[in-house]
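S.K.: Given the structure of chain A, go ahead and fit chain B onto it with the hints provided.
These are the residues of each chain, in order.
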Amino acid sequence: MEELEREIKQLIIESLNLQDVTVDQLGATTPLFVEGLGLDSIDALELAMEIRKRYGVRASGDEARNREIFASVRNLAAYIAANRNVNAG
Amino acid sequence: MMLPVTTHAPEHPVALGAAGARTAAELLTDASRVAAALARREPGEVLLVCEDRYLFAAGLLGAWTAGHAVLLPPNGQPEVLAELASGPLVRAFADDRGAGDLDLRQAVQGPPGPAVPAALDARRALAVLMTSGSAGPHQRCRKSAAQLLGEAETLALTFAVGSSARVLASVPPHHIYGLLFGVLLPLRAGAAFVRETPLHAEAVAEAALRAGATHFVSVPAHLQVLARAEALPAFVRVFSSGAPLPAETARALRGRLRWDTVEVFGSSETGGIAWRGGPDEPWRPFPGVTVSAGEDGALLLDSPLLQAKAPRPLTCADRVALRGDGAFELLGRRDGIVKVGGKRVSLREVEERLLSVPGVRDAAALARDGDGARGQEVWAAAVAPGWSAGRLRSVLTRWLDPVAVPRQLRLVAALPRDGSGKLPRARLLALFERRAEISGFEVDAEAAHTDDRGREVRRLELTVPLELVFFEGHFDAQPVLAGIVQLKLLVLRQARRLWPDLDALQRILRLKFSRIIGPGTRIVLTLTRAPAAPAVEFTIASPSGPCASGTLHFRAQRPTA
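Chains as they are written, first to last, in the numbering used here: chain A, 1098 to 1186; chain B, 113 to 673.
The shape of chain A in the complex, shown without the other chains (with noise of 0.2 Å):
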């Protein structure tokens, strides 16, 4: 799961193209919208469309639930490891 959290950490760092940020800076528990790193939902959105690509994981059709799952690396990871093989298929 560290291995997870950390591919992810680079993925968002890449993705949303955020120069200031290292992986080691970003922590797992950090929020990553509003308060913490500052995302909004436009990032949200690249953000999914990367998971998707790179993890073949959607996003849920509850938008409640996607903002606790983008919440931050930690229940991203637990999203991603719960839902890749199901959704490989």
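If you're looking for bench data, these hints aren't it; they were derived computationally from the structure.
Every value quoted in this text rests on a predicted model; they were computed, and no experiment measured them.
What you were told as hints is all true, and nothing was included just to trick you.
Looking from chain A toward chain B, a few residues come up when the C-beta cut is under 7 Å (computed):
1) Q1107
2) E1111
3) T1119
4) S1138
5) I1139
6) L1142
7) A1145
8) R1155
9) E1160
10) N1163
Glycine included, every Cβ here is placed at the ideal spot set by N, Cα and C.
M.R.: Below, chain B without anything else, positioned relative to chain A:
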């Protein structure tokens, strides 16, 4: 004059969604309960922000019934809300998350109070918006019933939105656009809105299918991503506002998703001005709106939606070219006009040209003081996957006056727009400052250790610049970093920086390129050297895996005499 807020039959659904359907009668009752909770407070402003559009509507109608105007925040950031809530006119902070002093989830459980009036006085102030200017803090903008309810009526008529419509929105109800199209329009049309505000394609699909949504209210930033989604339900009509919709996105929405997308042009201060059905159509003013052209092509606006005290016609910051039939073309903003080398350049035109290039998803231009006779020069940043700055610039030169072609063109993964799509100049400028040196690689992180064989190991994290002169000419469709460039610019340069004692390069052994490196990739360069040895081993890896490796052999150093 009195203006109706809703036109529903009592049992007609007004709100749909996962949280349950509500009828118009239920909304009026719940609004009256909110009014009861607010009635004892001196008329003023109610700060209103909700995730559930139904509770927002109950709060809105309840506040109006109790004699208040609603104060709508520019965003939902906690500090912004806290600051607005402490304003001198604010009597309550109503929300559905428990951050305010009036929790609407509980207020709609309370006893009913005064009945919601069927119509409101046109002159009454109903809302205060906080609009963000290009400079300085948020400005307060008051909206009367004539403006808000008048615009909702105009929208219902212009777009033939009837009581069977079911409106889904990806923009929150506290934005003026989301308020008008996502709440007031369905209320005025006797139609229904969807309670939730989905963002991701999967959530848009689920909410739309569950509610049987017919209309979708969104913004270019969301639509650009949705246009790339695999499957989304059909809508009778999609609305886009807030920023220009790239022509490519408009065509993708229409062609692939079969979404009949209408762009709406207006501003918080003026209300809606005009609309168009596609990137190749002219803008048509809304009924009652007259657009003429003033000095320098300035848009002169006369509209029933203007502030009562506004001059008529109002000179707007946009430039237009009129057509005979009252429709017009937008030429860009007058405040986006700059002089470069004595010539007039529209920054908006530069942006529009960039956006019209296939593959360009977002673009922004600015003018800044240049050297010598040019006075100012144009810089631009664009999101253009697959393009190099040089090739994009060469496309622009086919259209733009040479002085208007950006002297600096930055390719970025995303423009740092704020939640409402605006791009403050300082943020845009910062994109350029970060990469003052574009021919080189920036080292993001650096670490050193000694391996078990006593060799010095240097680990460098670098980002391949999105635009590198060396991408030119290599594989037109997909810029990649050529091996020779990796060796010369990256490996050799860093090796020499770390170990200035290395002599001339003689040969490279076991050289292997195993994976291509594209612009924007984060790579790790590892350099290993035994103490004072004339050889350096290197590996380059990207998140996808190893990219290159080999050993550089330098001329053995002659012992110093």
